[in-house]
Amino acid sequence: MSDVSTDSPKGALRRGWSASVGDYAIAGGWTLHGEALVVGDAAGGVYAFDGKSGASAWVRQEAHDGGVLAMAIHPSGTAFATAGQDGRVLVWGVAEAQVKRVIDVGSDWVEHVAWSPDGQWLAASCSRQVRVYGADGGEVWRSDDHPSTVSAIAWSSAGELATACYGRVTFFDASTGKRRQKLEWRGSLVSMVLSPDGEIVACGSQDNSVHFWRRSTEQDSMMSGYPAKPSALAFDDTGALLATGGGEAVTVWNFWGSGPEGTRPVSLYLHVQTVTTLAFAHRGMRLASGARDGRVVVWSLRRDGQGNPIGIALVADVVSALYWRPDGRALAALDAQGGATVWRVGNR
Amino acid sequence: MNTQRKVPVSILTGFLGSGKTTLLNRILSEEHGKRIAVIENEYGEVGIDHELVINADEEIFEMSNGCICCTVRGDLIRVLGNLMKRRDKFDYVLVETTGLADPGPVAQTFFMDDEIRAEFALDGIVTLVDAAHIEQQLGRSDESTEQIAFADVLVLNKTDLVDGEALDRIEARIQDMNRMAQVVRSERANVSLDTVLNLGAFDLDQMLERRPAFLEPEYPFEWTGVYSLDIGRYELSLADGPDPTMSLVVVPDQGTDDAALREGAEWSVRRYAEPTELIRPGEEIPVGKHVNLRLDSPGRKSFFLEVDAQVRVGLYAQHTAEEFDLQLTNAEGATIGLEVERTWVVQHEHDDDVGSIAIERDGDVDPERLNAWLGKLLRERGVDIFRMKGFISLAGDSRRFVFQGVHMLFDGQPDRQWGDAPRRNQLVFIGRNLDEESMRQEFDACLM
Numbered sequence: 001m002s003d004v005s006t007d008s009p010k011g012a013l014r015r016g017w018s019a020s021v022g023d024y025a026i027a028g029g030w031t032l033h034g035e036a037l038v039v040g041d042a043a044g045g046v047y048a049f050d051g052k053s054g055a056s057a058w059v060r061q062e063a064h065d066g067g068v069l070a071m072a073i074h075p076s077g078t079a080f081a082t083a084g085q086d087g088r089v090l091v092w093g094v095a096e097a098q099v100k101r102v103i104d105v106g107s108d109w110v111e112h113v114a115w116s117p118d119g120q121w122l123a124a125s126c127s128r129q130v131r132v133y134g135a136d137g138g139e140v141w142r143s144d145d146h147p148s149t150v151s152a153i154a155w156s157s158a159g160e161l162a163t164a165c166y167g168r169v170t171f172f173d174a175s176t177g178k179r180r181q182k183l184e185w186r187g188s189l190v191s192m193v194l195s196p197d198g199e200i201v202a203c204g205s206q207d208n209s210v211h212f213w214r215r216s217t218e219q220d221s222m223m224s225g226y227p228a229k230p231s232a233l234a235f236d237d238t239g240a241l242l243a244t245g246g247g248e249a250v251t252v253w254n255f256w257g258s259g260p261e262g263t264r265p266v267s268l269y270l271h272v273q274t275v276t277t278l279a280f281a282h283r284g285m286r287l288a289s290g291a292r293d294g295r296v297v298v299w300s301l302r303r304d305g306q307g308n309p310i311g312i313a314l315v316a317d318v319v320s321a322l323y324w325r326p327d328g329r330a331l332a333a334l335d336a337q338g339g340a341t342v343w344r345v346g347n348r
Numbered sequence: 001m002n003t004q005r006k007v008p009v010s011i012l013t014g015f016l017g018s019g020k021t022t023l024l025n026r027i028l029s030e031e032h033g034k035r036i037a038v039i040e041n042e043y044g045e046v047g048i049d050h051e052l053v054i055n056a057d058e059e060i061f062e063m064s065n066g067c068i069c070c071t072v073r074g075d076l077i078r079v080l081g082n083l084m085k086r087r088d089k090f091d092y093v094l095v096e097t098t099g100l101a102d103p104g105p106v107a108q109t110f111f112m113d114d115e116i117r118a119e120f121a122l123d124g125i126v127t128l129v130d131a132a133h134i135e136q137q138l139g140r141s142d143e144s145t146e147q148i149a150f151a152d153v154l155v156l157n158k159t160d161l162v163d164g165e166a167l168d169r170i171e172a173r174i175q176d177m178n179r180m181a182q183v184v185r186s187e188r189a190n191v192s193l194d195t196v197l198n199l200g201a202f203d204l205d206q207m208l209e210r211r212p213a214f215l216e217p218e219y220p221f222e223w224t225g226v227y228s229l230d231i232g233r234y235e236l237s238l239a240d241g242p243d244p245t246m247s248l249v250v251v252p253d254q255g256t257d258d259a260a261l262r263e264g265a266e267w268s269v270r271r272y273a274e275p276t277e278l279i280r281p282g283e284e285i286p287v288g289k290h291v292n293l294r295l296d297s298p299g300r301k302s303f304f305l306e307v308d309a310q311v312r313v314g315l316y317a318q319h320t321a322e323e324f325d326l327q328l329t330n331a332e333g334a335t336i337g338l339e340v341e342r343t344w345v346v347q348h349e350h351d352d353d354v355g356s357i358a359i360e361r362d363g364d365v366d367p368e369r370l371n372a373w374l375g376k377l378l379r380e381r382g383v384d385i386f387r388m389k390g391f392i393s394l395a396g397d398s399r400r401f402v403f404q405g406v407h408m409l410f411d412g413q414p415d416r417q418w419g420d421a422p423r424r425n426q427l428v429f430i431g432r433n434l435d436e437e438s439m440r441q442e443f444d445a446c447l448m
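Residue numbers (my numbering), protein chains in the order written: chain A, 1 to 348; chain B, 1 to 448.
Simulated from the structure, these hints should not be mistaken for laboratory data. Don't take every hint at face value.
Some chain B residues judged to face chain A by a derived CB distance under 10 angstroms, without partners named [as the list claims (entries may be wrong)]:
| # | residue |
| --- | --- |
| 1 | I54 |
| 2 | G74 |
| 3 | I77 |
| 4 | L83 |
| 5 | M112 |
| 6 | D114 |
| 7 | D160 |
| 8 | D163 |
| 9 | N292 |
| 10 | D296 |
| 11 | S297 |
Calculated Cβ distances over 10 angstroms to all of chain A for the following chain B residues [unchecked claim]:
| # | residue |
| --- | --- |
| 12 | M63 |
| 13 | V72 |
| 14 | N82 |
| 15 | L100 |
| 16 | S237 |
| 17 | D258 |
| 18 | I279 |
| 19 | G299 |
| 20 | Q310 |
| 21 | V340 |
| 22 | G355 |
| 23 | R379 |
| 24 | G396 |
| 25 | R423 |
A virtual CB, placed ideally from N, CA and C, is assigned to each residue, including glycine.
All chains should be modelled from the sequences, with the hints used to inform the complete structure.
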């Protein structure tokens, strides 16, 4: 790896700040309107940094025994949840800078956590179950055992939760836990993303393909030919473009018109190792990609999926996650060495 | 991104009751100064409070293409993927499977998943065999057969529950099924840590160093007797027996434990490959040489052994002592007692459909023909090939090509320079109903 300091960000990415946490930075997010960046690490620590300067705001070491596995910011930006190997979910208050609620989910790892879009429900998965909690932290319902460990969760709307596991995507009613729909396909689903309207569900599969369904017709399609398993997936805000990893290229499928069935995807090349994470900015078709090579690239895409790189930067190790500040004017990257790097994003 | 050393992983298989938990507890309680992460199956019951014991459901993930070699352990991918992120990484991973597990998916996980492959290296597969029950199990279940076929080390456990003859028979049978594996005997899974960790079992050189004769089809001798001798002249006498001659190697400085006997056996195999020297009755037997005792005259025949220092010798004989009423006496005519003896079963009367095929040939191989042959073999017979490894002398390449594989998964790369070493090829396949003769012929057709 070349020395990071010799490689300054280019194009639209302008140097912001960088900070570090104690171990591999697993997950994070922006609170409020970007006032702070919170980060959880593999040693179980939770860190908050001032969004503008990167100065450490507060730190809680060993919040999760064994390590943090997931984090989700409450839609209001005033709270966030962390999940860990200790079988717990912690709900943190941003203003209080401390844990407001401890939820004991189970004895196994809690691998996924997600707030409903209206902030009313908190879903957490542990082993083969998913459980939903109310605003007071009380359990509302829990699912029966899935056929295998739940590999991804996502809210399709404020009233409906989706889970993925080996061979299946399941939709549950948010308030009752009643099963609404089950989409089956024999394969190991390792990641999941839903289109903003909740109509399309796309999953990355262990066998190096992306499988997707249109829920209204339950029609499914498979997009294969990836050199690696597509664990990074992202839909843009309009639901027109699905960006996928699964190799060195960022592969973009276009859902406008009759696509993507029968169409060729757009491949965006700048990474030299497997893409690990993808994030669309909330508006304006800007896509950020991070890879094992430590590169972060911001692409400006057109509606047909074609696009150009408008900014590039390098961090010290594998990029583990990317988070756009809610206003789209800054981008945070977490990496495997525990780095948290923030760039301001200009127009070009 | 960093190219640090890969974390080695051992897989521990064996039927319920074979002693897996006992072995795990032994390893974890030993003072070895290593950080070992243990991934236990859902029924595991390691009793030790060990910070890195993780319970995982065995989640066998098949792929939509139906290919069995794409079947992996999904739980391992998730758990190992998360564990490897920690900065204070562990030095070693042990994966315990359930008793009825097919070792294929767990082994394939380390070939099939890119992220796992980047961080972990499959170090070896250790299978515990319950000496008291394995003979019934082999008749009844494919799983026990496959667990033996996949192994790099076979721990023949609970040896105190069966007699020596049965042990020899069982050992010969499992070794015949999987000639690549090292067999270790134990009573209560009391094997040393080195037996299970850092095997380097996928490293062929290490294996050849440990067992230089592992490619030999079988031992050319049936019996070994160990005698403790003082300085003096000894008489070895044999009565009439089934054969007019008997081959023999006298090994000096022979130990008496199982490992020493095996070591002597490996050494003798190489002596047996050398030209033999015919010894007539009344003549002296040279130590450390492949000799052929002439036994075609009627009555008891005597040969002599001259010992000029106190020594323990091992007699590796083509036939058992019983068949010729073999006796060793000193100059005073007193019979020397056996310190220890063991038999090596040469004929295999059982009909297991799983067996080993070893191909050993001098010379260079045409890369294109080899590729075509292996491709066809793995496509057509990959389901039945559990393990393979070996090295090849490719024409036009100054380096050895080493390979290994599980089912259809094949992993090979050039390794060290041949230099002055004779260029040759060694291949071993462990599989079900493999046609040895046609595989040999097809390989021979790849030779230049």
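Taking the hints in turn, this is what the structure says about them:
1. I54: holds (9 angstroms)
2. G74: Constraint on G74 (chain B) satisfied, holds at 5 angstroms.
3. I77: holds (8 angstroms)
4. L83: holds (9 angstroms)
5. M112: At about 8 angstroms, which falls below the 10 angstroms cut-off, the nearest Cβ of chain A leaves the hint on M112 (chain B) intact, so it holds.
6. D114: Given a least distance of 5 angstroms, the restraint on D114 (chain B) holds.
7. D160: violated (38 angstroms)
8. D163: At about 46 angstroms, which exceeds the 10 angstroms cut-off, the nearest Cβ of chain A leaves the hint on D163 (chain B) violated.
9. N292: The hint is violated - N292 (chain B) has no Cβ within 10 angstroms of chain A, the shortest such distance being about 60 angstroms.
10. D296: This interface hint is violated because 67 angstroms lies over the 10 angstroms limit.
11. S297: Violated, about 72 angstroms.
12. M63: Given a closest Cβ separation of 4 angstroms, the condition is violated.
13. V72: violated (7 angstroms)
14. N82: Violated: least Cβ distance 7 angstroms, not greater than 10 angstroms.
15. L100: holds (18 angstroms)
16. S237: Label holds. Min Cβ-Cβ 69 angstroms, cutoff 10 angstroms.
17. D258: holds (42 angstroms)
18. I279: holds (65 angstroms)
19. G299: Given a closest Cβ separation of 74 angstroms, the condition holds.
20. Q310: Holds, since 60 angstroms exceeds 10 angstroms.
21. V340: Nearest chain A Cβ is 51 angstroms from V340 (chain B), so the label holds.
22. G355: Answer for G355 (chain B): holds, closest chain A Cβ roughly 32 angstroms.
23. R379: holds (18 angstroms)
24. G396: holds (29 angstroms)
25. R423: At roughly 35 angstroms from the nearest Cβ of chain A, R423 (chain B) sits farther out than 10 angstroms, so the non-interface label holds.
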